[in-house]
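A.B. asks: The listed protein sequences correspond, in order, to chains A and B.
Counting in the working numbering, the first sequence runs from 55 upward without gaps.
Counting in the working numbering, the second sequence runs from 24 upward without gaps.
It is worth saying that the hints were derived from the structure and are not from the lab.
Possibly wrong hints are sitting among the right ones.
Said to hold, decoys possible - FRET-style restraints, in silico, Cβ to Cβ:
no.: 1; chain 1: A; residue 1: Asp-199; chain 2: B; residue 2: Gln-84; range: 46 to 54 Å
no.: 2; chain 1: A; residue 1: Val-275; chain 2: B; residue 2: Asp-187; range: 41 to 49 Å
no.: 3; chain 1: A; residue 1: Glu-453; chain 2: B; residue 2: Ile-176; range: 32 to 40 Å
Just so it is clear, CB atoms sit at the ideal spot from N, CA and C, and this is done for glycine as well.
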Amino acid sequence: MATPVQTQTVDLVARFPGMVTADARPGYTGFIVNKENLVEVATAIRDEFGFDLLTAVTGVDYLAENKMEVVYHAYKTTGGPGLVFRVQVERVDPVEVPSLINIWPGVDFQEREAWDLLGIKFTGHPDLRRILMWEGYEGHPLRKDWKEPFFEEEAKPFKSRWPDGQHTFAENKNPFRDNLKFPADFDPEKFEVVNEDGLYASLERHTMKNEEGSLNTDHIVVNMGPHHPSTHGVLRVAVTLDGETIIGLKPVMGYLHRNHDKIGERNTYLQVIPYTDRLDYFNSMSNNFGYVTTVEKLMKIQVAERAEYIRVIMAELSRIQNHLIFIGMLMNDLGTMYTPSLYAFEERELVLDIFEAVSGARMMCNYFRFGGVVRDIPDYVMQKIKDLVLERLPAKTDEMERFLNENEILVARLKGIHVLNAEDAIKYSVTGPVLRATGVPYDLRRADPYSIYDRFDFDVAVRQNGDMMDNYLIRFDEIRQSLRILEQALKQIPQGPINSQKPQYQVRVPAGEAYGRIESPKGELAFYVVSNGKPNPYRYHVRPASFVNLTAVESMCIGSKIADFVALLAMLDIVMGELDR
Amino acid sequence: MYGKGILKGLSVTWKRFWDTYTEDISWMLRGKKRYNTEEGIRHRSSKDTKGIFTVQYPEEQLIVPEEFRYVPFLVYDEGADGKKEIRCTSCGICSKVCPPQCIWIVRTNDPSTGRPVPVPTNFYVDMDICMNCGFCAEYCPFDAIKMDHDFDIASYDRNVYNLDKLLKPAKYYAEIRPENYTREEEARKAKEAAKAAKAEAAAA
Numbered sequence: 055m056a057t058p059v060q061t062q063t064v065d066l067v068a069r070f071p072g073m074v075t076a077d078a079r080p081g082y083t084g085f086i087v088n089k090e091n092l093v094e095v096a097t098a099i100r101d102e103f104g105f106d107l108l109t110a111v112t113g114v115d116y117l118a119e120n121k122m123e124v125v126y127h128a129y130k131t132t133g134g135p136g137l138v139f140r141v142q143v144e145r146v147d148p149v150e151v152p153s154l155i156n157i158w159p160g161v162d163f164q165e166r167e168a169w170d171l172l173g174i175k176f177t178g179h180p181d182l183r184r185i186l187m188w189e190g191y192e193g194h195p196l197r198k199d200w201k202e203p204f205f206e207e208e209a210k211p212f213k214s215r216w217p218d219g220q221h222t223f224a225e226n227k228n229p230f231r232d233n234l235k236f237p238a239d240f241d242p243e244k245f246e247v248v249n250e251d252g253l254y255a256s257l258e259r260h261t262m263k264n265e266e267g268s269l270n271t272d273h274i275v276v277n278m279g280p281h282h283p284s285t286h287g288v289l290r291v292a293v294t295l296d297g298e299t300i301i302g303l304k305p306v307m308g309y310l311h312r313n314h315d316k317i318g319e320r321n322t323y324l325q326v327i328p329y330t331d332r333l334d335y336f337n338s339m340s341n342n343f344g345y346v347t348t349v350e351k352l353m354k355i356q357v358a359e360r361a362e363y364i365r366v367i368m369a370e371l372s373r374i375q376n377h378l379i380f381i382g383m384l385m386n387d388l389g390t391m392y393t394p395s396l397y398a399f400e401e402r403e404l405v406l407d408i409f410e411a412v413s414g415a416r417m418m419c420n421y422f423r424f425g426g427v428v429r430d431i432p433d434y435v436m437q438k439i440k441d442l443v444l445e446r447l448p449a450k451t452d453e454m455e456r457f458l459n460e461n462e463i464l465v466a467r468l469k470g471i472h473v474l475n476a477e478d479a480i481k482y483s484v485t486g487p488v489l490r491a492t493g494v495p496y497d498l499r500r501a502d503p504y505s506i507y508d509r510f511d512f513d514v515a516v517r518q519n520g521d522m523m524d525n526y527l528i529r530f531d532e533i534r535q536s537l538r539i540l541e542q543a544l545k546q547i548p549q550g551p552i553n554s555q556k557p558q559y560q561v562r563v564p565a566g567e568a569y570g571r572i573e574s575p576k577g578e579l580a581f582y583v584v585s586n587g588k589p590n591p592y593r594y595h596v597r598p599a600s601f602v603n604l605t606a607v608e609s610m611c612i613g614s615k616i617a618d619f620v621a622l623l624a625m626l627d628i629v630m631g632e633l634d635r
Numbered sequence: 024m025y026g027k028g029i030l031k032g033l034s035v036t037w038k039r040f041w042d043t044y045t046e047d048i049s050w051m052l053r054g055k056k057r058y059n060t061e062e063g064i065r066h067r068s069s070k071d072t073k074g075i076f077t078v079q080y081p082e083e084q085l086i087v088p089e090e091f092r093y094v095p096f097l098v099y100d101e102g103a104d105g106k107k108e109i110r111c112t113s114c115g116i117c118s119k120v121c122p123p124q125c126i127w128i129v130r131t132n133d134p135s136t137g138r139p140v141p142v143p144t145n146f147y148v149d150m151d152i153c154m155n156c157g158f159c160a161e162y163c164p165f166d167a168i169k170m171d172h173d174f175d176i177a178s179y180d181r182n183v184y185n186l187d188k189l190l191k192p193a194k195y196y197a198e199i200r201p202e203n204y205t206r207e208e209e210a211r212k213a214k215e216a217a218k219a220a221k222a223e224a225a226a227a
């Protein structure tokens, strides 16, 4: 498949005179849409211009200009560059922006996130509750005038560390200092930690009424999690059940929330890299890749040739081990306790040995730098990669297929259980293997090539049925394609420097914005970074694949059996470190 | 036939089970030890590993590669009569680059002039906060702070290391990271030679 070429340029200003203006700020692209016309313009963007996939909704707080901005990134599932459009509103409470949920239902969680963290009210959103923080939380932490407890300074490095850095523990400072806020009517006697009326009310919306004349059954609400072995971490799912059938479902998340975005804004550009490791902790190499690609876009620097190859090798190895874990963990969820997952872990260990030898750590690799990577791959590790890629992993993938794919119990559990169809998947902004299993060949390595993926010969793995079996088998296809890319990369890798820049601990990033996206094993992983020329990012936003893919879980599961829910959730391949951030 | 796929899968499990014993027996026949030896552990994490795969920690420990990083330590050179020559000049780059800001440095000031002296009065690393990213070692211009291989530091208390606890001899560093050590020593010698040549040229 050739890389699709965008021929038609989008000129929204000509199409909507008076409603849209081009963004003229230096370093910014796209269009500014009037708040009143947002829904109209967005409908045209989807229907007339064909941008059917809205990947990211990002709120930005421009405190100095007294403005709030919501940035939308829309793409076409046929590939090609995207369209950036934004709304700007006065920063006076309540900050209101019309919701786009009727045009792209995939904005659901992302709008809730912007409401939760920035206090942007999306009018028309049917279920605008907090998503990462808890109900009853006071304030919106990503606003620029919000300060965390133990707040020290706006940006790192902190002055207390050097030259007179007498060590103190954070708790020795009074935690109830001036930056702890209570609501005006706060009464500790009557304080309830979590108010969940909103959650259960939102479940009600989906409750199907018993049909006339049928047997009257009671509906029960079951809370799965937060501590449940099959929710892949601390995810809680409130489900309404009619017998065994799910008739209403809402995921509740944020148990692992640490406000990664705010941490990123406190850090310098370089300091963010090790924090991105902790997003999707199975694929720290991919996370690094996404972040450095974004900042390199902003810095407009070239990456050293050899480093490009090293990056691709690491990202693809990471994809292989992620999919192996996916297969193993899926088997755990289906009740095949441990044997398949430990077979998968065995191969993963060998991949992690490689990561450890090149980067120093098995999981928190911190291996990428702006312009290249930290260090070259030693010869003995290169040999090990070759051994794995050319000998062991293909054989072991075959063995895994022999082991599982024809197993009648597995086939009965997976075959024909519907996950998503193509239309719904695009509607809910689902990306990655789950989208490709519905027959949409949308892979960023092809559709919007980054790094050097346009040099390799590989097929985009696609399956047509969109059932669980296809979702499972597509992981094997992707492992095979990754091995193909690796084979070529190992053959082509040139000698040379591994970083195009001089190693420096503070990089200069010109003012502007950048949206960089990569195909992480779980889907589209994107970073939105706004720089104002200072050493730390002004706005740093992660668009994690798990979080956005989970938007579809509600429509996926309603009508299916509770026993299948566990497997359906496994299909989305969520990781809480990335989902909760 | 129903059950054929299951049997096919079970043949894989059976082979894996069998491999454990054939491996043990073949190692025994060759007169080698598969367990509790470096050779055995290395084989178990190579591409040829078959059968049982686990390393029985703590009786056996994985052999960490040279680049493995855990918490940082400070390097000192052993001078004449056992004097510790600390490489650190308390320039503060490590504490500035540290992402969780766990490095605290007290710079020494000359009591008579008030000017800074290039040696730290004290140096703290809060190991509970350290995220083992290795930036301090990577960006230190004096090769003074390096990442350790010793990962058994669990304790009942908070782990705030001060200068005394952080200092380790260059000999230890050479032991855990031989390749890095030789490379850095060569670079240092080349730099010193260049400096001496320059000084000579200036004198002449």
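A.B. asks: Run every hint past the structure and note whether it holds.
C.D. replies: Each hint tested on the structure:
Distance hint check for Asp-199(A) and Gln-84(B): the Cβ-Cβ separation is about 50 Å, which falls inside the suggested range of 46 to 54 Å. Roughly 58 Å separates the CB atoms of Val-275(A) and Asp-187(B), a value that falls outside the hinted 41 to 49 Å. Between Glu-453(A) and Ile-176(B) the beta carbon distance is about 39 Å. The supplied range of 32 to 40 Å therefore holds.
In the structure shown, a violation is registered for the earlier hint numbered 2 alone.
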